[in-house]
Amino acid sequence: MAKKRVLVVGGGLAGLAASMKLAELDADVSLMSLTRVKRSHSACAQGGINSCNDLTRQLGDSEWRHLDDTLYGGDFLQHQPPVKELVYWAPQIIDLMDRLGVTFNRTPEGFRDQRRFGGTLFKRTAFAGATTGQQLLYALDEQVRRWQASGHVTKYESWDFLGLVQDSSGRCRGCVAQDLVTMEIRAIPADAVIIASGGCGGIFGRSTNSVACTGSAVSRVFQAGARYANAEFVQVHPTAIPGADKLRLISESARGEGGRVWVPREPQDARPPGAIPEKERLYFLEERYPKYGNLVPRDIATREIFNVCVKEGLSVDRGRMCVYLDVSHLPREMLDAKLAGILEIYEKFQGVDPRAAAMRIFPAVHYSMGGLWCDYERIAEGGLNLCSPRTQQTNLPGLFAIGECDYQYHGANRLGANSLVACIFSGLSVAGGVISYVNSLPNGLAAEQSAALFAAERRRHEARYREILARADSGPNPYRVQAELGELMTRVATVVRHNGELEQAYGRVRELEEEARRCAPSDRGEWANQNVVFVRALQDMFPLARTILKGALARDECRGAHYKPEFEPLGVDAADPAERRRQAEEWCDQFEQNNARWLKTTVASLDRDGEPQLAYEEVDTSLIPPRPRLYGVAGGDLIEQAFAERQARRAAGRKP
Amino acid sequence: MNAGARAEGGARSFIVRVLRQDRPGSEAYWESHSVVHEPDMNVISVLQRIAEQARTVEGKRVAPVVWECNCLEEVCGACTMIINGRVRQACTALVDRLLEERPGAIELRPMTKFPVLRDLLVDRTRIFAALHKVKAWVPVDSYHHMGPGPRRSQDEQQMAYHYSKCMSCGCCLEACPQFLKIELTRGRDESAEAFRARCFAAYDRSFMGAHAIAQVELFNQNPIGKMSARERLDALTSEGGIQNCGNAQNCVKVCPKDIPLTRAIALAGRHATLHALRNWFDR
Ligand SMILES: Cc1cc2nc3c(=O)[nH]c(=O)nc-3n(C[C@H](O)[C@H](O)[C@H](O)COP(=O)(O)OP(=O)(O)OC[C@H]3O[C@@H](n4cnc5c(N)ncnc54)[C@H](O)[C@@H]3O)c2cc1C
Ligand code: SF4
Ligand code: SF4
Ligand code: FES
Numbered sequence: 021m022a023k024k025r026v027l028v029v030g031g032g033l034a035g036l037a038a039s040m041k042l043a044e045l046d047a048d049v050s051l052m053s054l055t056r057v058k059r060s061h062s063a064c065a066q067g068g069i070n071s072c073n074d075l076t077r078q079l080g081d082s083e084w085r086h087l088d089d090t091l092y093g094g095d096f097l098q099h100q101p102p103v104k105e106l107v108y109w110a111p112q113i114i115d116l117m118d119r120l121g122v123t124f125n126r127t128p129e130g131f132r133d134q135r136r137f138g139g140t141l142f143k144r145t146a147f148a149g150a151t152t153g154q155q156l157l158y159a160l161d162e163q164v165r166r167w168q169a170s171g172h173v174t175k176y177e178s179w180d181f182l183g184l185v186q187d188s189s190g191r192c193r194g195c196v197a198q199d200l201v202t203m204e205i206r207a208i209p210a211d212a213v214i215i216a217s218g219g220c221g222g223i224f225g226r227s228t229n230s231v232a233c234t235g236s237a238v239s240r241v242f243q244a245g246a247r248y249a250n251a252e253f254v255q256v257h258p259t260a261i262p263g264a265d266k267l268r269l270i271s272e273s274a275r276g277e278g279g280r281v282w283v284p285r286e287p288q289d290a291r292p293p294g295a296i297p298e299k300e301r302l303y304f305l306e307e308r309y310p311k312y313g314n315l316v317p318r319d320i321a322t323r324e325i326f327n328v329c330v331k332e333g334l335s336v337d338r339g340r341m342c343v344y345l346d347v348s349h350l351p352r353e354m355l356d357a358k359l360a361g362i363l364e365i366y367e368k369f370q371g372v373d374p375r376a377a378a379m380r381i382f383p384a385v386h387y388s389m390g391g392l393w394c395d396y397e398r399i400a401e402g403g404l405n406l407c408s409p410r411t412q413q414t415n416l417p418g419l420f421a422i423g424e425c426d427y428q429y430h431g432a433n434r435l436g437a438n439s440l441v442a443c444i445f446s447g448l449s450v451a452g453g454v455i456s457y458v459n460s461l462p463n464g465l466a467a468e469q470s471a472a473l474f475a476a477e478r479r480r481h482e483a484r485y486r487e488i489l490a491r492a493d494s495g496p497n498p499y500r501v502q503a504e505l506g507e508l509m510t511r512v513a514t515v516v517r518h519n520g521e522l523e524q525a526y527g528r529v530r531e532l533e534e535e536a537r538r539c540a541p542s543d544r545g546e547w548a549n550q551n552v553v554f555v556r557a558l559q560d561m562f563p564l565a566r567t568i569l570k571g572a573l574a575r576d577e578c579r580g581a582h583y584k585p586e587f588e589p590l591g592v593d594a595a596d597p598a599e600r601r602r603q604a605e606e607w608c609d610q611f612e613q614n615n616a617r618w619l620k621t622t623v624a625s626l627d628r629d630g631e632p633q634l635a636y637e638e639v640d641t642s643l644i645p646p647r648p649r650l651y652g653v654a655g656g657d658l659i660e661q662a663f664a665e666r667q668a669r670r671a672a673g674r675k676p
Numbered sequence: 088m089n090a091g092a093r094a095e096g097g098a099r100s101f102i103v104r105v106l107r108q109d110r111p112g113s114e115a116y117w118e119s120h121s122v123v124h125e126p127d128m129n130v131i132s133v134l135q136r137i138a139e140q141a142r143t144v145e146g147k148r149v150a151p152v153v154w155e156c157n158c159l160e161e162v163c164g165a166c167t168m169i170i171n172g173r174v175r176q177a178c179t180a181l182v183d184r185l186l187e188e189r190p191g192a193i194e195l196r197p198m199t200k201f202p203v204l205r206d207l208l209v210d211r212t213r214i215f216a217a218l219h220k221v222k223a224w225v226p227v228d229s230y231h232h233m234g235p236g237p238r239r240s241q242d243e244q245q246m247a248y249h250y251s252k253c254m255s256c257g258c259c260l261e262a263c264p265q266f267l268k269i270e271l272t273r274g275r276d277e278s279a280e281a282f283r284a285r286c287f288a289a290y291d292r293s294f295m296g297a298h299a300i301a302q303v304e305l306f307n308q309n310p311i312g313k314m315s316a317r318e319r320l321d322a323l324t325s326e327g328g329i330q331n332c333g334n335a336q337n338c339v340k341v342c343p344k345d346i347p348l349t350r351a352i353a354l355a356g357r358h359a360t361l362h363a364l365r366n367w368f369d370r
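Residue numbers (my numbering), protein chains in the order written: chain A, 21 to 676; chain B, 88 to 370.
Because the hints were derived from the structure by calculation, they are not lab data.
The C-beta atom is built at its ideal place from N, Cα and C for all residues, glycine as well.
Mixed in with the good hints there might be a few duds.
Heads up, simulated SDA-like pairs for lysine to any residue below, C-alpha to C-alpha not over 20 Å straight-line [said to hold, decoys possible]:
#1 A:368 x B:216
#2 A:358 x B:241
#3 B:344 x A:125
#4 A:358 x B:345
#5 B:344 x A:360
#6 A:23 x A:458
#7 B:344 x A:370
#8 B:147 x A:493
#9 A:368 x B:357
#10 B:200 x B:102
#11 B:344 x A:363
#12 B:200 x B:127
#13 B:340 x B:179
#14 A:368 x B:147
#15 A:368 x B:345
#16 B:147 x A:545
#17 A:368 x B:108
#18 A:358 x B:246
#19 B:200 x B:147
#20 B:344 x A:367
#21 A:368 x B:181
#22 B:147 x A:278
#23 B:268 x B:147
#24 A:175 x B:219
#25 A:175 x B:216
#26 B:313 x A:166
#27 A:175 x B:210
FRET-style restraints, in silico, Cβ to Cβ [said to hold, decoys possible]:
#28 B:349 x A:74: 53 to 61 Å
#29 B:318 x A:410: 36 to 44 Å
#30 B:274 x A:377: 55 to 63 Å
When you get a sec, could you build the whole thing from the sequences and use the hints?
Structure below.
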């Protein structure tokens, strides 16, 4: 029998993990990427990778608590069985990466060192210098190179995935792709296709993402009928350096080590930050959140920084929005010992030494919790059957999704350092299911399918390419269209959302989409034409952009990264104790009603006219019952107590 | 709209001279673009503006300049080019600094040691071929659960981390007098696969460069990698190996990741000598 052929689209952590595991299982892997896989976006991750570990265990941590933190952080929007499987695998994944040579930081005794990240009390985060993502990526890249040398993996680097080849029954039988240098368009047969193409920050113009994160591959399978889930959940990181080309992340650890966030009380005070006296500074996080100060969680910090600039007009600069993140008051030796890597990024790109002067920062789009809808098979104990072909499979038979472009693990908000582990886990775990799927394929392998099927799809994409090349000169400039799309999406669909604005933006995005269809390339050549590739990717941003807007518009609540002030429940503000109690009970009633309505996965599919249609799917919350995320809510303690009593009453009621 | 004549709100513009080439083997030519100055610009954003304008300073419509990039924060190694005569990453090349160094104009050229595909885009396959050659990986038995990796001291970790930050950007190769360009052309009837094999064979025979030598050190110091150290030393001492290094030490000066290349070369040299002796005694 011919060997099983699997196509992996994307060579970040997820795609590489899948490729090496599939090669080990003796599949014939084709690995495709826009860039050399070693240059994939995963290289950007700085902070680290989470798992429960020997040390945290002794302080009371467990896989179950990692599960709990992840679900709580995600506002309980995840199906719980896949997350359970993930956290139980996490320690083994770190061990494996350790064996593969990842240069994890060490303790003096030679064990792996860990640090603490947001959303937990435990030091769960292993790290490798200031470039954990890069180090993990390289270890997997090296393994895949080894399989390439032995003939198990064929790389298609610098190729653009254009679309699926599906047989008459809808099964994926391969793809069509284009070589970005020769511009050759080719059909590549495969028995299963795995999409591992990462996030879609490009839709927001500038973000913390890399240039290749346009969402193009995902959009293309979405347009072919795959479902897309929880699009409206987009994580915004509070502290990034505004740049002309990219918004570069400044890690949470700057605040962890004592960095303070402030703005001058006098709007746009022109003096250099160091010359502004203490009492003329507004340390707004410390003032408003005395308990947590600068270390409030990501979504809260983001919202406050945004408000201080947008609502209160206190941005440091007039022309663009930013606040100060200041470490200049801290001792230099400490900064050099603990934050050198991060401060160097600022210095390198801004040409200013943050040890001497406050940094200018602003929130930036960072991560997409939403992604391709995919399946799993639950077992009785609450975890997964990883041999099931349903594992990570989308609704299109033979199409799988892993990594940042799947939606399964982070719910409404991702915890720091949980993404890298989820990418590697989904990559490793998809392999068994893919093999089971291919083994059970009726009507033979892709290699035995009719050549006409592949030729027809190839011609369709060739025609699309030719159509773009031949467009009239008078069309709009694609770079300006992208800039406007990005600005609009960033304005209405990130930190704070209002229905009126979302609705208006939807109309404007429709118009921009029309413009993008007429965008003329300024390069008509047929050799390394990046311009045409850009125009095509731009066009494909719109179905996802509209799905994000529509999902956000429909979801009338606040959950995780999705914040609509109109629907924010009021806290407990009465003085009278009985009244306070009543308010707390009312709060809990509202919480439960809201969950009954909105604790649901948004599942979008495109109809015939390309309009996203939304459906809502129950979330499997069978392992840990959802509870309110009460951060910063007035009277939170009381609400927590009232809610706990309710749950206890119910538990007692259930007992015979 | 003529970008060269544009001076919106009195914004300064500056000239960017780019050495362009349409295809492999075709004639290279200089072209000038005018770009309006913005705060926080780097060479990537300059190239983005050039793509948007797609017009030369004379107002002639041209195709956007082609170049490679991804991370935009100097961790992916994609955007190497020669900027004002110096090989470096475009994403960390800040416009204000460049204009201080050389007022009025910025000059961009493709790397000279690799075949130009188009404009600033070059074919760096040879870098990755060297990683194949030296078997730059940890040869684990399987991906099953076998417990944690070996314990390592902080010093070992630090040293390994220095080497493992290599992002295969090629700066060290561009600067190296011993690393010479290899440019083959695909024959009329030659398949892509056959052409690739021919390139790999040619790369294999010529100098691997400092980055690959450092990778040998990285993996030969890894507790598991060590077990197959002899294979890597064979590669290191074969044709195209460390004996080509003339110790000019240009490489270490241009490495954007400050990888201790001269240290790696010195150590690898010592290990290669021991290896040769051992092979000689084993005979
Ligand atoms: C600045 C930054 C810091 C971060 N820090 C952390 C951290 O500390 N801890 C943590 O857990 N997470 C972190 N994250 C998140 C994490 O890095 C990403 O979610 C993760 O790396 C995504 O990996 P991936 O494998 O899904 O995709 P990626 O690494 O994005 O790879 C996508 C791949 O798909 C390919 N591709 C895309 N489109 C196409 C196409 N059309 N055709 C062919 N190929 C295509 C690309 O070339 C690439 O190879 C961070 C993210 C950012 C932006
Ligand atoms: S030391 Fe060796 S590798 Fe480095 S530049 Fe000189 S000759 Fe090249
Ligand atoms: S050693 Fe340095 S210069 Fe050479 S490829 Fe690696 S990172 Fe680039
Ligand atoms: S774009 Fe990645 S190194 Fe410059």
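Evaluated hints:
1. A:368 x B:216: Distance of about 31 Å is beyond 20 Å: violated.
2. A:358 x B:241: holds, 15 Å
3. B:344 x A:125: holds, 18 Å
4. A:358 x B:345: holds, 19 Å
5. B:344 x A:360: Between residue 344 (chain B) and residue 360 (chain A) the Cα gap is close to 14 Å, so the pair holds against 20 Å.
6. A:23 x A:458: holds, 10 Å
7. B:344 x A:370: holds, 18 Å
8. B:147 x A:493: holds, 14 Å
9. A:368 x B:357: violated, 36 Å
10. B:200 x B:102: violated, 26 Å
11. B:344 x A:363: holds, 15 Å
12. B:200 x B:127: violated, 30 Å
13. B:340 x B:179: holds, 16 Å
14. A:368 x B:147: With Cα atoms ~35 Å apart, residue 368 (chain A) and residue 147 (chain B) exceed 20 Å; violated.
15. A:368 x B:345: holds, 14 Å
16. B:147 x A:545: holds, 16 Å
17. A:368 x B:108: violated, 30 Å
18. A:358 x B:246: holds, 18 Å
19. B:200 x B:147: violated, 31 Å
20. B:344 x A:367: With a Cα-Cα distance of about 15 Å, the restraint between residue 344 (chain B) and residue 367 (chain A) holds, given a limit of 20 Å.
21. A:368 x B:181: With a Cα-Cα distance of about 8 Å, the restraint between residue 368 (chain A) and residue 181 (chain B) holds, given a limit of 20 Å.
22. B:147 x A:278: Violated: residue 147 (chain B) and residue 278 (chain A) sit about 53 Å apart, past 20 Å.
23. B:268 x B:147: Violated, at roughly 33 Å.
24. A:175 x B:219: Roughly 14 Å separates the two Cα atoms, so the pair holds.
25. A:175 x B:216: Measuring from Cα to Cα gives roughly 13 Å; hence the hint holds.
26. B:313 x A:166: holds, 16 Å
27. A:175 x B:210: Holds, at about 15 Å.
28. B:349 x A:74: 53 to 61 Å: Roughly 39 Å apart at Cβ, these two residues miss the hinted range, so it is violated.
29. B:318 x A:410: 36 to 44 Å: Since residue 318 (chain B) and residue 410 (chain A) have Cβ atoms about 42 Å apart, the given range 36 to 44 Å holds.
30. B:274 x A:377: 55 to 63 Å: holds, 59 Å
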